[in-house]
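A.B. asks: Chains as they are written, first to last, in numbering that gives the first Met the number 0: chain B, 0 to 456; chain E, 0 to 456; chain W, 0 to 456; chain R, 0 to 456.
Since the hints were made in silico from the structure, they are not lab data.
Incorrect hints may appear among the rest.
Since the list gives no way to pick out one identical chain from another, each pair is judged satisfied if it fits inside one copy or across any two copies.
[Claimed, not checked] As a list, the in silico DSBU-like pairs of lysine-lysine whose alpha-carbon atoms are at most 30 Å apart: (1) 441 - 452; (2) 331 - 78; (3) 185 - 131; (4) 73 - 16; (5) 410 - 260; (6) 341 - 260; (7) 8 - 398; (8) 398 - 409; (9) 341 - 266; (10) 266 - 410; (11) 441 - 131; (12) 46 - 421; (13) 444 - 266; (14) 46 - 36; (15) 433 - 54; (16) 121 - 185; (17) 452 - 121; (18) 16 - 266; (19) 398 - 351; (20) 73 - 7; (21) 453 - 341.
There are 4 protein chains.
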Amino acid sequence: MLWGGRFKKELHPRALKYSSSLSIDIELILEDIEGSKAHAQMLAKIKIISQAEEKELLEGLTQVENDWNDGKWKPDPEKFEDIHSAIESRLFELIGETAGKLHTGRSRNDQIAVDLKLWVRKKTETLQELIKNLQLTLVEISSENLETIIPGYTHLQRAQPVSLAFHFMAYVEMLERDLLRLQFLKNSLNQSPLGSGALAGSTLPLDRDFTSSKLGFESPSQNAMDSISDRDFVLDMLNTCVIGMMHLSRLSEELILWSTKEWNFIKFNDEVSTGSSLMPQKKNPDLAELIRGRTGRVYGNYISFASVMKGLPLSYNRDMQEDKEPLFSSAKIYSESLETMKLILCNINIYKNRFNNELSTDSVLATDLADWLVLQGIPFRDAHEVVGNIVKTLEEEGKNFMDLNIDVLKKFSPFFNDEALKYLELTSSLQRKKTKGSPNPKFVKEQIEYWRKKLRH
Amino acid sequence: MLWGGRFKKELHPRALKYSSSLSIDIELILEDIEGSKAHAQMLAKIKIISQAEEKELLEGLTQVENDWNDGKWKPDPEKFEDIHSAIESRLFELIGETAGKLHTGRSRNDQIAVDLKLWVRKKTETLQELIKNLQLTLVEISSENLETIIPGYTHLQRAQPVSLAFHFMAYVEMLERDLLRLQFLKNSLNQSPLGSGALAGSTLPLDRDFTSSKLGFESPSQNAMDSISDRDFVLDMLNTCVIGMMHLSRLSEELILWSTKEWNFIKFNDEVSTGSSLMPQKKNPDLAELIRGRTGRVYGNYISFASVMKGLPLSYNRDMQEDKEPLFSSAKIYSESLETMKLILCNINIYKNRFNNELSTDSVLATDLADWLVLQGIPFRDAHEVVGNIVKTLEEEGKNFMDLNIDVLKKFSPFFNDEALKYLELTSSLQRKKTKGSPNPKFVKEQIEYWRKKLRH
Amino acid sequence: MLWGGRFKKELHPRALKYSSSLSIDIELILEDIEGSKAHAQMLAKIKIISQAEEKELLEGLTQVENDWNDGKWKPDPEKFEDIHSAIESRLFELIGETAGKLHTGRSRNDQIAVDLKLWVRKKTETLQELIKNLQLTLVEISSENLETIIPGYTHLQRAQPVSLAFHFMAYVEMLERDLLRLQFLKNSLNQSPLGSGALAGSTLPLDRDFTSSKLGFESPSQNAMDSISDRDFVLDMLNTCVIGMMHLSRLSEELILWSTKEWNFIKFNDEVSTGSSLMPQKKNPDLAELIRGRTGRVYGNYISFASVMKGLPLSYNRDMQEDKEPLFSSAKIYSESLETMKLILCNINIYKNRFNNELSTDSVLATDLADWLVLQGIPFRDAHEVVGNIVKTLEEEGKNFMDLNIDVLKKFSPFFNDEALKYLELTSSLQRKKTKGSPNPKFVKEQIEYWRKKLRH
Amino acid sequence: MLWGGRFKKELHPRALKYSSSLSIDIELILEDIEGSKAHAQMLAKIKIISQAEEKELLEGLTQVENDWNDGKWKPDPEKFEDIHSAIESRLFELIGETAGKLHTGRSRNDQIAVDLKLWVRKKTETLQELIKNLQLTLVEISSENLETIIPGYTHLQRAQPVSLAFHFMAYVEMLERDLLRLQFLKNSLNQSPLGSGALAGSTLPLDRDFTSSKLGFESPSQNAMDSISDRDFVLDMLNTCVIGMMHLSRLSEELILWSTKEWNFIKFNDEVSTGSSLMPQKKNPDLAELIRGRTGRVYGNYISFASVMKGLPLSYNRDMQEDKEPLFSSAKIYSESLETMKLILCNINIYKNRFNNELSTDSVLATDLADWLVLQGIPFRDAHEVVGNIVKTLEEEGKNFMDLNIDVLKKFSPFFNDEALKYLELTSSLQRKKTKGSPNPKFVKEQIEYWRKKLRH
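If we strip away everything but chain B, and leave its shape as in the complex, we get:
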């Protein structure tokens, strides 16, 4: 035990069980060892320990790491409060009394802060890689679907024709924002808490610059009390997971819709589908559903930890131990979901011509027709009214846009002429778009080139 001196009785077993975090914070074992090594080297540098002791400590710590990696050692959650205690105890077994010098000038408060920051930093990098992979997948599918015309929806009602490429490239933009948010988070992890002690630094001449630099930080933190009380980066990570998963949940919803019999636009391969234990014909988009569902979990994790931190007086309170489960859970769900989404996208069949006929009759070009009227000098609000009347009348007569000809059009507005009819052709409709960022294949292709280059560099 790391704190026995003043106590006469041991912690009640039920109390240890309730309070031990080892089964969770074992996740931090490598970061904890990395931090301890830097600390040991620093203690030698300032001559609090000898070079021989430094060597012992470093070798001992390496041994702990190897034993863990090789499965030779696994600490028992019933015996230790946390990963720090477990490692120190193991170190005693391996190298004896010198182990007792490692904790000099260090508290578990600054130790856990540095562990967590190292862990989050590493995770931001992994997530950025996974995001890029998914972006690249989307870019590649897009490049094959520049002219796959599908309805663009608002309110889930068909609105205007777009291409699947255009639709998927929207997700590339979203993912890029997720990546930048991770970059902001990573940059904000630039101060080392090590050397902050329990909350007030130390009377020992600890070289905080040394450990900071050793562990890849820009500088030591400026205020010890803030340094060990700060979990902002955890909340920022949880927020990053919320927004990232929200994006994936939207794509999942669409894949689920598209794979229904009603939409009938894509089909999942067997490798990413499951069946029913009762209904022999079923083939279900479970993976997309799970991504959508786990988004809810990630939402809850954010609230879990935000609630923990509310109204806590400075500096460290044991409540803060509850940062780990939400953090690890959200990061795991997010990274696995990014991988899984890529797996799904690589396993769908796209019925590229699914919407061609239907869209021709579907009045999705109504806006273009109104725009054409505007070009003839009609105020837009009037043009909108005219085309709205056309739609209403066709509907009443059981007809559709394909039934329009110049005579019919002229009944609604004398300004119509033959040119207007061209605006009702689906196939050239994308090409008629004039604005940057529109589904005009010219613009989408430029985007694809831009992203492909950026992602592959």
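Since chain B is already given, all that's left is putting chains E, W and R on it; use the hints.
C.D. replies: Below, chains E, W and R without anything else, positioned relative to chain B:
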């Protein structure tokens, strides 16, 4: 695999990993076997299987249960989608082909619904027991502290004197509401989903009344589609955990405050305290902090699952698999926290006279003095003003209520007489309370008797 | 001001602005007056005030109420802390000094607790009425759609044929649980907080039984401190709103899906649709989208208030003022959404035959076919495999269930005979269901009768 | 109405009431007009409208703005769906038919996206100013309290002596992170959605670069569909409010604790305190409690909107209307709370010597004593044990650190000598700290200088 027929390729290993719930829903193993036994007996009753087959199935299921309890069998999460698949597969190993008859007329959709309801029902009973234990602990401590005078607070400012008994009995009331909420939940679990199939019942003549009664439900559910889509009881359980933990978090906060040097009202025994790895003198109220912190986790779990269910079309969607982790997590935290709170309360030393002197000088009897003026016929608003002026003046003069005498009082209001001075005596102040539900020891004692009798019967 | 006596300076205007709740708690004006009247009558009964004063107070309070109802008086949020202060101040204007007697033996702490309980009680009744109205609407639409065959979905994939009646009756069951939850809540509001004072009752002989009974409670609360600290009923109400809105969000999602071009199953009337400012042809299901969206708001309200209460020491803390905005917001959203959903359902056109042809070819009867094999003695797991193979083969050959005949079937299993073919007929498929709670029109009709009777009594 | 053409019937009044957002999005009136002006200028530039029409539109829009500012015009929420409709309708009244040209090539979808981005951008700037003001207040109070010794706490137990300056400077660090998070958010608002149309751009040659630059964006957005579906910046703002308020809630909790009778460290001025309607002596820290409480509200707002966005298919859905209430509510609470916290801090009296005597006897220097032993070559773990024993023994004997002398010390370890006693002096304890970021007044003073310079430049 429970659904292979129509598939040509197996699920991708990464897809299985992402989708398997076995490591979580193993928690339901006993309920799943209980449900399967009832189903097997029903199949025999309606002669879909023979009596010999029924016997085989029941013995096989008992074997699975025993092997699990004895640690002889543990299903591999990398191989199975869920607990249902794992058990069916094990049954095949044990009894061969007959195992294939168990799933007749049953879907995993109604199976999981019945498993979860059985699990929640059992859990409501456990929680009710734990709540009663904690109530009893509070009642007993209260009975020893009927005259332990402490400040009652509003806004964390001393407001009026109360007793510790009165204060703790407030928690007994809160806990009773938690218990009633659990009772409502338990009562609402009265309909059996079994026999609802995937969503639409069955063409087989399943006897739903039989399984319903066998499993302790009042009746089969009335609508199969609702029955397999319904997770209201999970949200109600999560809400119950939120409110219950909120109560425990308030008591935790108070125990933490009371154990500070500043309050100095209670001391935790060593068995429920921990120390610091750096600071040798520290003794921390970790358990109370953890209860307060884990309250945040339980909040997050509620949102996790509420988010999962939002906007899901009927009937079953795989998203709903994410009901289990929040449910199991919250129920575990809540039950362990109830036990831990009892452990803490049995391990505190109370400094019963801590506040006696301080409260005499603390103007906490100002309200009583104003009430006395009211009894002389002064409108309360004026009486409040008079006593407010006394407090302000004393404060300015660096004096307190002990410095008041009849001459001083008369300067503030001519109505004061010697009787008023009695209203400034702390020791008799509780006895002067006239209203039911007040800290008058007479009333508190009655409450204690009432609860003691109720809890022990 | 209700508390000026001991203060030398007034509250800073910015502080008043930040802290005033009047613009929100004005919602409680009628309940506050009702509580004050009961309190005044009680003060007269115990002779703290005279009968003449009682009359003055009651008439004054009635005047305040009338002036408010008539729009003659509206308190200024810049001047008063809360509704209690505003009313007391108005009373002074109307009846002079006697107003100062109303607050005798009462604190804003017990006053607001009683106001809120009265408000919530009233709201539970309103909500129950609205729920019943919506249930009745669903029952009536169901009665006209007993044989409107639609696909039942799991994972949003077509699973088995059901009727629209069966589908809508699932919601009647959900709504009934919402109603029972409200009933539990209403029953739990049975104790009057009035007479609890600030936290510790009173030295005045207040007759709590009198006010309790006057205000329609069963009894006074048992512990004054709990009574003014308790907001469990607010959280229970917020949870009720969460689950209720979650149900409505599911129905909204379905209505949105059904009204897409892809589903093409229902059409909204103009009265409940909106258009696009840009796209002339659009007709959007905005109301259903808003119900789904506002469900998110109600989720947030739950967390808002649960977070407020976490870790608050007893008894009243000003944080608790933040109970009102979430409570009023959720109750308003919920009640308006219930009304709006009814409005929507009364304004949809149902294309009753939409799915008839498609479902015949859609292998949604695969389960029934497997069940038939079971009746011939085949283990279900094998039957499932056989039918799975049929589905796979048909799909490979570009065929469907309509292409099956006895010769084809026999290739998959020798047990098939002519009777099996009957199990492939869509029109009689619902009638073949044997289980209670299934979509067999016989059972659904019984449910409809049951609910109609219950709701109309 | 902006979309009447194809409709035969008007929206049901209850439907309009349920769906109108005008009472909320009136907040965006200035941004909406700003966006419309840029759009009008662009339409003239590309010659869709004439210069005369441009002038009419611009003057009309200015008139609307002036009328609003002067209180001459206020749109009726019962009549209009939203702020866009209200302004367009007003414009018709003011300038007639030309108003109908403003909406050319623009949808409410890109319009609201640009409005919201402009609003959030402005708000980030306001918040940054408020944060800097609060930082400066903290810096100034710190500069006066460099040697005000207070206990630093962990687990709310006294841990080590620090200064109030050191404690408050921790908050300056936190606030800086909040400021950087706002900066990240502001930087991420660099792409103009205007010209994205409903979701797919336009067939009109809109000059998106022109409007982008006019409105202060870096460039137009790259994908129209993403551009109108994106609300990431709203969630990022809501997260910023959560973390910022969490910080303020921690400081509030401390101010509440410090102002208790038990802590007795600070006193609030009357201007920032309120009293009790019942208890004449009360003086409550309401403002700090409200900041703490409203933190809960801000938490809920995050969940509200995250829930809204989950699983929404692209592109715009009406659910997204529910972004405004959470966004406006959180931004308002956050900015008002920053101001209020500053007001509080400027109105507290600090009892600078409150802890001097107590800390001398409180074993808060135990860590320093252990560190001293380390300097003599004792392994830290042993030194910790030795000092732990001292604490335990003193406690048993009813003594404290002031009772230690060299003879007593030597009983615990032979290494102790007279120098060790110096480590028990409170007054010089801060000066003995060697590490950067510690409460050594030398380091804290440097921090103060750094921040003062930075904040005042």
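A.B. asks: Now tell me if each hint is right for this structure.
C.D. replies: Status of each hint after checking the structure:
For a Cα distance limit of 30 Å, the shortest separation of residue 441 from residue 452 inside one copy, 17 Å, qualifies, whereas the shortest one across copies, 52 Å, does not. Taking the shortest alpha-carbon separations for residue 331 and residue 78, both the intra-copy value of 27 Å and the inter-copy value of 20 Å come in at or below 30 Å. For the homomeric pair residue 185 and residue 131, the shortest alpha-carbon distances inside one copy (16 Å) and between copies (24 Å) are both at most 30 Å. With identical chains, the CA atoms of residue 73 and residue 16 are at most 30 Å apart both within one copy (17 Å) and between copies (24 Å).
Taking identical chains as interchangeable, the C-alpha atoms of residue 410 and residue 260 lie at most 30 Å apart only when they sit on different chains, with a minimum of 28 Å there against 39 Å within one chain. For the homomeric pair residue 341 and residue 260, the shortest alpha-carbon distances inside one copy (23 Å) and between copies (29 Å) are both at most 30 Å. Only between protomers do residue 8 and residue 398 lie at most 30 Å apart by alpha-carbon distance; the minimum there is 21 Å, versus 87 Å within a single protomer. When the C-alpha separation of residue 398 and residue 409 is checked against a cutoff of 30 Å, the pair qualifies only within one copy, where the shortest distance is 17 Å, while the shortest distance between copies is 47 Å.
For the identical chains of this complex, residue 341 and residue 266 are intra-copy neighbours only, at 15 Å inside a copy versus 36 Å across copies, given an alpha-carbon limit of 30 Å. Taking identical chains as interchangeable, the C-alpha atoms of residue 266 and residue 410 lie at most 30 Å apart only when they sit on different chains, with a minimum of 28 Å there against 44 Å within one chain. In this homomeric assembly, residue 441 and residue 131 come within 30 Å of each other (Cα to Cα) only inside a single copy, at 24 Å, whereas the closest approach across copies is 47 Å. In this assembly of identical chains, the alpha carbons of residue 46 and residue 421 lie at most 30 Å apart only when taken from different copies (23 Å versus 85 Å within one copy).
With identical chains, the CA atoms of residue 444 and residue 266 are at most 30 Å apart within one copy only, with a shortest distance of 26 Å there and 38 Å across copies. Proximity of residue 46 to residue 36 under the C-alpha cut-off of 30 Å is restricted to the intra-copy arrangement: shortest distance 15 Å within a copy versus 70 Å between copies. In the homo-oligomer, the alpha carbons of residue 433 and residue 54 lie at most 30 Å apart only across protomers (26 Å), although the nearest pairing inside one protomer, at 69 Å, exceeds that limit. Taking the shortest Cα distances, residue 121 and residue 185 sit within 30 Å of each other both inside one copy (9 Å) and across copies (26 Å).
Proximity of residue 452 and residue 121 under a CA criterion of 30 Å is satisfied intra-copy only: 25 Å inside one chain copy versus 35 Å between copies. Taking the closest pair of Cα atoms, residue 16 and residue 266 come within 30 Å of each other only across two copies (21 Å); inside a single copy the shortest separation is 49 Å, beyond that limit. In this assembly of identical chains, residue 398 and residue 351 lie within 30 Å of each other by CA distance both inside one copy and across copies; the values are 26 Å within and 21 Å between. Taking the shortest Cα distances, residue 73 and residue 7 sit within 30 Å of each other inside one copy (29 Å), while across copies they are farther apart (41 Å).
Taking CA atoms no more than 30 Å apart as the test, residue 453 paired with residue 341 passes inside one copy only; the shortest distance there is 19 Å, against 46 Å between copies.
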